[in-house]
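Protein chains in written order, with this note's numbering: chain A, 15 to 315; chain B, 2 to 395.
The reader is advised that the hints may include incorrect statements.
[What the hints assert, rightly or not] Stretch-level coverage of chain B by chain A, calculated; a stretch enters the list once three of its residues show a Cβ under 8 angstroms from a Cβ in chain A:
| no. | segment |
| --- | --- |
| 1 | 193-207 |
| 2 | 210-216 |
[Stated by the list, open to error] Short derived list, chain A residues pointing at chain B, Cβ under 8 angstroms:
| no. | residue |
| --- | --- |
| 3 | L62 |
| 4 | G63 |
| 5 | R84 |
| 6 | Y97 |
| 7 | L112 |
| 8 | R136 |
| 9 | V275 |
Quick caveat, the hints were computed from the structure, so don't treat them as lab data.
These numbers were taken from a predicted model, which means no experiment stands behind them.
From the three backbone atoms N, C-alpha and C, an ideal C-beta is built for every residue, glycine too.
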Amino acid sequence: MLELRDITKSYGEIVAAAGVSFRLHPGEMLGFVGSNGAGKTTCMRIVLGLLEPDRGEVEWNGRPVDSNTRRRFGYMPEERGLYPKMRVANQVAYFGRLHGLGKEEASAAAGRLLERLGVEERADDRVEALSLGNQQRVQLATAMVHDPDAMILDEPFSGLDPVGVDVLTEVLRDRVEAGVPVVFSSHQLELVERICDSVVILHNGRVVAEGPVHEVRAERSDRTLRVEVDGALPGWEASIPGVQVVSRSNGSVLLRLGDGVDDQSVLAVARGAGRVTYFSSARPSLVDLFRSVVGSDRGTE
Amino acid sequence: MINPTILVARREITERVRDRSFIISTMVGVVLLAAFALVPRLLGFGEPEEWVLGVVGEDSAAMAGAVEAAAPNFGIVVTAEPLEAARVESALTDGDVDAVIVDGDQIVVDQELDPTLQTAMQAASAQLEVTGALNEAGLNPDEVTEVLTPDPLDVRALDPQPGAAEGAGAIAFFAVFLLYGQIFGYGFAVASGVVEEKSTRVVEVILSTVSARQLLAGKVMGIGVVAMFQLLLTVSAALAAVLLTGFVELPEAAWPAIWSVLGWFLLGFTFYAALFAAAGSLVSRQEELQNVTTPLTMVVLVGFFLAFAALNDPSSTLARVASFIPPVAPMVMPARITLGEVAPWEVVASAAVCLASIAVLIPLAARLYRGAILRTGTRVRLFEAWRAAGTGEG
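Take the sequences, apply the hints, and build the full model.
Printed below as a string of structure tokens:
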């Protein structure tokens, strides 16, 4: 199990992470979401030892992470990085060796992975000759050539076409089913909702929601209402204190209730505005959830 | 598990040696050096001048023999050829002979007599006269020979200088040139290799498995091995060309000097590679590399010029002092060693100063590298890199 505890890091005035804590369990696929600058990359770099946190620690199976444990991690940085002039298979095998594989072992693993990722016919080409999508597959291969104990991937899906997304999803699911914990950051919330077991939402360097995806969604359901009112003027809900509009579609509005707001008082206002045709607590999608969390914060700042 | 530093070094070696530009630059170096060594001889420079002497009449034979014998003392080679009296004019105008001796006491030339040849013939003539006089005085031939070949004069120098071997000047010149080329070329290769990793961001992936120190050490080692390999190849090829064709004779004394060049290369390369790596880590794009490496380039160039000054006057104060200044010593010292103008203690002391400076420099350069290598974007300032590396394990 990978555990981040109270990770704090600031660059001068800018606070990138303010006490981030969460756990990544064996066989768990965790989506790490947050808007740009929320602190995702900073946290990942700290896990990989590329940055020193100002405070807090990272533990693997109850022991502080050191260079030996890190060598058993697989990492894909946000800014992809490969040697442009090195040949594909050699490159993947080289990273395998850096991660501690023997010579034959490394080239065998490189061959298997390139085949699995569908780039085996480019094995002897220089990386710079490959399309960006294929380079990304090679990048993923370098991150998992050594059959890592845990995978930490920064935006692995960005820039992939739908086929690439499917291949990557399948490959990652495979690892997860083998018991390897995988954490990846992403802006594609539908994707995270679809393939992740759990989610951590980061905002302004803080964890604002965390847990299994269905629980996180259910947790918020008593505070979220879907209401449809026939004949109401647009913006009828604006007068209710402590209520925030998450999304609006076809006369249906998704509301998030602030602390201490009674749903019955919302109903009363709705009835005053027109004929209420639908009134129910709603399970917000991850997108809605994200918007409500991030949006509310933006409102108070 | 194999040491990551070795893995990094091995990658540098295999990728570079396979690169077409390495193969081409090595071949060009070998060809150029061999050409420099051989072409002057092929064109006849440095060979003693050769003259053909026509011999007419029986009385000329003794004179011709004496001229042939005396010629080497004047740095020329004379070959005597019997000539019929009737052919004297045509042989001279056709250039078959350069001068003709007629009846032992007359010399005929086409236009004018070469001054050196004339002096040699004059000396031969004088010797013949003296020999004849001594014979008449009753000395036997052995006694005559003894009189005419006195013991060499005893020379006592007040301030004896170790003599430069013949050809040492040319060897020293090539040594300085090669050292400058390899140290600068491969030092710069270290800087640009560092920037390559930084600009492609591959460094972030690598540093998640190996430490910055291991990556830096492996890179410098790998590139150093490639540079050394190329240097050995170039020098060996040039030596082979020289020895096989036999055009140039290598003095015995030149061998230690030639091998010492390899040692000085190691010192010079390590010194500059550490600095070039630190400089490279400050920038994120190859285009910016020139800016940060210019100061280093200037220092290497100063070393090159000082080494040339040392070639001119290896025992000057300037050359002596420069032999103990680490950034320039690896180029100045080999020049002086090759010219034979240096005492053993100076060599040892200079190498020690270089080693000590490297020992001080590497941790400093490594710290700058560690502090700057992951900071992409604008150029990292020195003190920022220094401070950033203060924390962190790297």
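Now for the hints, and whether the structure bears them out:
{"no.": "1", "hint": "193-207", "in the structure": "holds (count 9)"}
{"no.": "2", "hint": "210-216", "in the structure": "holds (count 3)"}
{"no.": "3", "hint": "L62", "in the structure": "4 angstroms, holds"}
{"no.": "4", "hint": "G63", "in the structure": "7 angstroms, holds"}
{"no.": "5", "hint": "R84", "in the structure": "6 angstroms, holds"}
{"no.": "6", "hint": "Y97", "in the structure": "6 angstroms, holds"}
{"no.": "7", "hint": "L112", "in the structure": "5 angstroms, holds"}
{"no.": "8", "hint": "R136", "in the structure": "18 angstroms, violated"}
{"no.": "9", "hint": "V275", "in the structure": "45 angstroms, violated"}
Hint compliance for this structure: hints 8, 9 are not met, and every other hint is.
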